[in-house]
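Chains as they are written, first to last, in my numbering: chain A, 1 to 487; chain B, 1 to 446; chain C, 1 to 131.
Incorrect hints may appear among the rest.
Unchecked claim - Once the Cα atoms are required to be at most 25 Å apart in a straight line, the calculated SDA-like pairs of lysine to any residue come out as: (1) A:K387 with C:S125; (2) B:K2 with A:Y84; (3) C:K82 with C:A2; (4) B:K402 with B:Y373; (5) A:K387 with C:E126; (6) B:K231 with B:V181; (7) A:K87 with B:S83; (8) B:K41 with A:E121.
No lab work stands behind these hints: they were computed from the structure.
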Amino acid sequence: MPDTNEPLIFEMSRKGRTAYSLPALDVPAEDEKKLLPAGMVRAEGPDLPEVSEIDVIRHFVRMSRRQHGVDVDFYPLGSCTMKYNPKINERVVALPGLADIHPYANEALVQGALQLMYEMEKYLAEISGFDRVTLQPAAGAHGEFTGIQIIHAYHNAKGHKKSKVIVPDSAHGTNPATSAMVGYEIVQVKSNERGGVDLESLKSVLDDQVAALMLTNPNTLGLFDENIHVIADMVHKAGGLLYYDGANANAIMGYARPGDAGFDVCHLNLHKTFATPHGGGGPGSGPVGVKKELIPFLPTPTVEYDGQKYFLDYNHPQSIGKTKTFYGNFGVVVKAYTYIRAMGPDGLKRVSEDAVLNANYIMQALKKDYWLQYDRTCKHEFVLSGKWQKEKHGVKTLDIAKRLLDYGVHPPTVYFPMIVEEALMVEPTETESKETLDRFIKTMKEIAAESEKDPEMVKTAPHTTPVGRLDETLAARKPILRWKKEA
Amino acid sequence: MKYLPNTDEDRQEMLAAIGARSVEDLFNDVPKEVKFKGQLKLPAAMSEPELLAHLSKLAAKNGDANDYACFLGGGVYDHFIPSTVAAVLSRNEFYTAYTPYQPEVSQGVLQSIFEYQTVICQITGMDVSQASMYDAGTAVAEAALMACAVTGRKEIVISEAVHPEYRAVLQTYIQAQDVKVHVAPAKDGQTDPEKLAALVNDQTAGVIIQNPNFFGCLEPVEEIEKIAHAKGALYVVDVDPISLGVLKAPGDYGADIVCGEGQPLGNPMSFGGPYLGFFAAKEKFVRRMAGRIIGQTLDVRGQRAWVLTLQTREQHIRREKATSNICSNEALNALAALVYLVTMGKQGLHEVAQLSLQKAHYAAKRITAQNGYELAFKAPFFKEFAVKTPVAPEKISAELAKKGILPGLDLAKFYPAYKNHLLVAVTERRTKDEIDALAAGLGGLK
Amino acid sequence: MAYPKEFKYTKTHEYIKVDGMQGTVGLTNYAQHELGDIVFVELPPVGKEFKQNDVFAVVESVKAVSDCYAPAAGKVVKVNEKLVEDPSLINKDPHGEGWIMVIELTNPADVNNLMDVATYEKFESEAGSHH
Numbered sequence: 001m002p003d004t005n006e007p008l009i010f011e012m013s014r015k016g017r018t019a020y021s022l023p024a025l026d027v028p029a030e031d032e033k034k035l036l037p038a039g040m041v042r043a044e045g046p047d048l049p050e051v052s053e054i055d056v057i058r059h060f061v062r063m064s065r066r067q068h069g070v071d072v073d074f075y076p077l078g079s080c081t082m083k084y085n086p087k088i089n090e091r092v093v094a095l096p097g098l099a100d101i102h103p104y105a106n107e108a109l110v111q112g113a114l115q116l117m118y119e120m121e122k123y124l125a126e127i128s129g130f131d132r133v134t135l136q137p138a139a140g141a142h143g144e145f146t147g148i149q150i151i152h153a154y155h156n157a158k159g160h161k162k163s164k165v166i167v168p169d170s171a172h173g174t175n176p177a178t179s180a181m182v183g184y185e186i187v188q189v190k191s192n193e194r195g196g197v198d199l200e201s202l203k204s205v206l207d208d209q210v211a212a213l214m215l216t217n218p219n220t221l222g223l224f225d226e227n228i229h230v231i232a233d234m235v236h237k238a239g240g241l242l243y244y245d246g247a248n249a250n251a252i253m254g255y256a257r258p259g260d261a262g263f264d265v266c267h268l269n270l271h272k273t274f275a276t277p278h279g280g281g282g283p284g285s286g287p288v289g290v291k292k293e294l295i296p297f298l299p300t301p302t303v304e305y306d307g308q309k310y311f312l313d314y315n316h317p318q319s320i321g322k323t324k325t326f327y328g329n330f331g332v333v334v335k336a337y338t339y340i341r342a343m344g345p346d347g348l349k350r351v352s353e354d355a356v357l358n359a360n361y362i363m364q365a366l367k368k369d370y371w372l373q374y375d376r377t378c379k380h381e382f383v384l385s386g387k388w389q390k391e392k393h394g395v396k397t398l399d400i401a402k403r404l405l406d407y408g409v410h411p412p413t414v415y416f417p418m419i420v421e422e423a424l425m426v427e428p429t430e431t432e433s434k435e436t437l438d439r440f441i442k443t444m445k446e447i448a449a450e451s452e453k454d455p456e457m458v459k460t461a462p463h464t465t466p467v468g469r470l471d472e473t474l475a476a477r478k479p480i481l482r483w484k485k486e487a
Numbered sequence: 001m002k003y004l005p006n007t008d009e010d011r012q013e014m015l016a017a018i019g020a021r022s023v024e025d026l027f028n029d030v031p032k033e034v035k036f037k038g039q040l041k042l043p044a045a046m047s048e049p050e051l052l053a054h055l056s057k058l059a060a061k062n063g064d065a066n067d068y069a070c071f072l073g074g075g076v077y078d079h080f081i082p083s084t085v086a087a088v089l090s091r092n093e094f095y096t097a098y099t100p101y102q103p104e105v106s107q108g109v110l111q112s113i114f115e116y117q118t119v120i121c122q123i124t125g126m127d128v129s130q131a132s133m134y135d136a137g138t139a140v141a142e143a144a145l146m147a148c149a150v151t152g153r154k155e156i157v158i159s160e161a162v163h164p165e166y167r168a169v170l171q172t173y174i175q176a177q178d179v180k181v182h183v184a185p186a187k188d189g190q191t192d193p194e195k196l197a198a199l200v201n202d203q204t205a206g207v208i209i210q211n212p213n214f215f216g217c218l219e220p221v222e223e224i225e226k227i228a229h230a231k232g233a234l235y236v237v238d239v240d241p242i243s244l245g246v247l248k249a250p251g252d253y254g255a256d257i258v259c260g261e262g263q264p265l266g267n268p269m270s271f272g273g274p275y276l277g278f279f280a281a282k283e284k285f286v287r288r289m290a291g292r293i294i295g296q297t298l299d300v301r302g303q304r305a306w307v308l309t310l311q312t313r314e315q316h317i318r319r320e321k322a323t324s325n326i327c328s329n330e331a332l333n334a335l336a337a338l339v340y341l342v343t344m345g346k347q348g349l350h351e352v353a354q355l356s357l358q359k360a361h362y363a364a365k366r367i368t369a370q371n372g373y374e375l376a377f378k379a380p381f382f383k384e385f386a387v388k389t390p391v392a393p394e395k396i397s398a399e400l401a402k403k404g405i406l407p408g409l410d411l412a413k414f415y416p417a418y419k420n421h422l423l424v425a426v427t428e429r430r431t432k433d434e435i436d437a438l439a440a441g442l443g444g445l446k
Numbered sequence: 001m002a003y004p005k006e007f008k009y010t011k012t013h014e015y016i017k018v019d020g021m022q023g024t025v026g027l028t029n030y031a032q033h034e035l036g037d038i039v040f041v042e043l044p045p046v047g048k049e050f051k052q053n054d055v056f057a058v059v060e061s062v063k064a065v066s067d068c069y070a071p072a073a074g075k076v077v078k079v080n081e082k083l084v085e086d087p088s089l090i091n092k093d094p095h096g097e098g099w100i101m102v103i104e105l106t107n108p109a110d111v112n113n114l115m116d117v118a119t120y121e122k123f124e125s126e127a128g129s130h131h
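Could you build the full structure based on these sequences and the hints that come with them?
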């Protein structure tokens with residue numbers, strides 16, 4: 001990566017330089033002061049930078065060269081499913097008939113868009129085993145929020161007051177944060193020695209105050225909970241519902257459907273399992289599936305079909321309302337729809353098979369070099385630990401992660417889940433070839449060897465990236481959160 | 001299969017290395033009680049040419065803003081998107097990256113968000129901005145929750161003239177929490193300051209208005225500021241970012257939190273999303289702000305660089321005590337907004353706003369010159385206005401679609417009291433010919 | 001770093017130095033070390049009243065956040081404003097310049113159920129051995 005610093009665009013500004021062109025006013029001009037109240041008008045535009053078009057393009061292209069992405073090299077970031085994003089998806093979403101349609105256009109003029117949403121809902125319901133799906137949530141965490149709201153509304157409608165949500169100690173941080181947003185108290189359950197939910201621990205916290213158990217399966221250790229049907233039974237008997245966090249659905253397509261396993265509500269991350277790009281942090285899409293008895297509580301509107309035309313239906317008096325304006329992140333849905341149609345049922349099953357195969361292949365190859373706390377078949381990801389390197393050579397997981405950057409590989413997720421010390425969570429995905437996996441294995445082995453021979457070098461990595469390690473304490477103590485013109 | 005590089009030979013080699021006989025063996029940990037045995041009922045796989053044809057056919061069933069002159073608004077606007085935006089957004093490094101957790105190889109995304117935070121501060125007149133929310137609706141909801149956290153109070157007063165969908169999202173966000181929302185009524189297209197004042201008291205955490213509001217009208221922003229602050233409530237203003245090319249920044253009239261829909265800034269209308277909700281505040285509230293924030297720092301070599309900061313506010317550290325559960329931002333949409341704003345620059349944003357302002361007023365004049373049409377409200381407006389119509393808006397919509405025009409939004413869809421009212425939006429993209437055709441089309445209806 | 005003999009200590013690693021009816025409260029050296037570089041302290045408002053074990057302040061490092069629990073019931077009479085500009089004072093001098101607040105004790109007997117220095121030193125070294 002180029003290691004020359006790129007100035008901020010504001011520092012490139014020169015008075016009078018422009019990068020835009022607009023048509024001249026073709027209607028008679030009126031005096032602005034007559035159109036707007038005097039106190040509200042500004043004499044000139046806000047203090048945005050003044051640059052030319054080539055400045056804009058070079059600036060961003062140079063910045064992009066200081067950025068790692070799936071299209072640059074391997075990105076085995078656990079729990080994030082950094083799979084390849086097919087290019088047809090980008091081409092399709094830019095079609096004017098999909099990109100340039102207004103959400104309030106007459107339904108007669110958006111029949112194609114509504115049909116796509118209608119079909120997509122059916123596909124996702126089939127893949128996950130649920131009765132209906134809403135496409136409204138904008139992200140995984142937003143899906144959780146929508147799903148827990150639905151559970152809340154369901155209990156309320158039944159006249160049951162519930163106060164708690166159970167979350168395993170291996171859960172994503174969003175699970176407790178979401179439950180708290182819906183007003184629930186969070187109760188944690190422990191994991192057992194196999195990495196699943198500890199049934200005794202679960203039993204001890206189950207009572208009639210439990211609104212739901214939130215579970216990721218396979219969990220954040222990449223392990224499928226072998227007792228899932230038992231857990232579902234226990235929670236249901238206590239009057240609670242089961243929420244499936246679909247962050248890890250890439251492991252199970254065609255092999256298990258959360259709806260069949262006793263879950264009542266689930267969200268899916270289209271930006272993980274269904275190959276839409278992460279965009280540097282978003283936009284995502286987090287559709288939510290529900291069982292029949294929860295359908296009345298879905299957000300409005302739903303997309304319906306009367307045999308002739310598709311339409312939006314707002315008439316759901318028990319609905320939780322809206323969690324997002326309009327109908328969700330339609331553009332992301334279009335890409336995921338295209339992906340599902342490209343793969344078909346056999347392709348999606350193959351996706352999960354290869355994702356699991358690739359993960360197990362790396363795990364087996366590295367378990368002599370890095371500590372593996374849970375040594376059993378994993379699903380799409382697994383968690384290694386830098387514990388040996390830390391104890392023997394003082395090299396922490398963070399150092400190993402930074403050293404990987406020197407090899408051009410994005411590091412795995414580190415220090416998560418919290419129940420594994422010095423965690424390194426590896427998710428290769430199905431779109432990587434055996435050669436790439438072999439290169440990663442070789443690199444990880446080399447770093448293990450380097451940690452032994454030259455720990456200092458690993459501890460001071462990265463050495464070849466455009467910038468070195470950053471002073472995060474300085475950033476947090478004296479926050480500089482925007483550029484300002486020097487006084 | 002083109003997205004799956006493993007060959008059968010690769011698979012055999014890998015299985016052998018693992019010590020498994022078949023891929024199915026790797027799924028033996030799925031209990032038989034829950035194992036899916038059938039085949040997923042999905043349409044068969046399509047080749048790339050078939051797929052493109054299929055999607056093109058679906059797209060062709062939609063009326064888009066290139067074939068239709070779009071006068072629809074309601075928070076989503078057909079502004080022109082400069083070519084620089086697509087050029088930058090198609091850079092694979094940007095769109096195939098994840099959250100910038102490894103700053104040494106993520107300076108591109110990090111710097112772009114730092115610049116985004118800066119331009120949002122520049123247009124809103126605020127001190128700090130976060131990296132974006134999902135959309136304006138969720139931004140308004142987060143602003144309300146933040147106002148409660150800052151003040152320790154539990155009541156929100158929001159104007160009836162705020163976008164009904166934003167209010168609906170707010171309602172969903174607070175319904176399970178111990179927060180009460182009061183709606184301040186509007187009169188003649190503007191928030192009624194007297195009625196608003198009657199709802200604001202020492203329990204009010206925040207007063208939320210939209211400017212220009214859903215009806216397109218400008219609000220008495222200074223008067224409302226005094227009402228909010230007199231009782232110690234935070235003043236939350238949702239704005240159309242394009243309007244800030246000609247209108248005073250909310251920071252200049254005392255807003256504590258400014259948010260809004262970022263779609264008009266370089267993002268296609270895309271049938272409602274993905275967009276971004278921009279969100280900025282006064283500096284003293286920064287630690288109560290939800291979502292990702294990028295800060296400037298130094299690396300070990302002494303170079304200026306950017307990094308995720310103030311992360312202790314967020315869910316992955318604070319879990320159930322986090323300011324919000326949001327763990328992503330609309331980074332690519334925010335990048336579009338940034339490229340849009342730096343491409344337009346100081347002059348360009350001013351000009352877009354001026355063109356929209358002038359054309360909207362020309363359109364209002366032409367429409368109200370038609371028999372039976374008159375402006376619904378006397379209040380000043382920016383680029384959107386409501387007209388009373390002699391014909392049902394539903395009919396107008398259907399008839400004008402035949403002439404290639406999306407004439408505007410039926411106001412009664414959200415405000416049943418406003419029967420026979422059409423909300424018309426005019427951006428710089430609308431030509432005199434299109435506006436004249438709209439007016440003539442309306443005038444010709446019986 | 002030695003722990004002052006005249007302080008009393010909590011199991012959550014706060015200390016209180018009692019002086020008549022007032023007590024100066026802060027975090028122990030062990031607590032600051034566990035947290036790492038402190039970047040922000042959320043101070044309580046003067047005049048606020050706490051019961052024993054109530055959360056009275058929040059301290060943040062880059063990657064961790066920790067609640068501080070009141071060693072004794074009381075009303076805040078003074079807070080250490082210097083921490084706003086320089087939260088690292090807690091790291092540099094936890095038992096001195098890094099104090100967090102002074103309270104007017106409402107129930108001086110609260111202090112009786114806290115640890116003395118010898119007990120705390122033992123408690124702290126055992127807590128530390130888990131790491």
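Verification of the supplied hints:
no.	hint	in the structure
1	A:K387 with C:S125	holds, 23 Å
2	B:K2 with A:Y84	holds, 11 Å
3	C:K82 with C:A2	holds, 23 Å
4	B:K402 with B:Y373	holds, 21 Å
5	A:K387 with C:E126	holds, 22 Å
6	B:K231 with B:V181	holds, 16 Å
7	A:K87 with B:S83	holds, 20 Å
8	B:K41 with A:E121	holds, 13 Å
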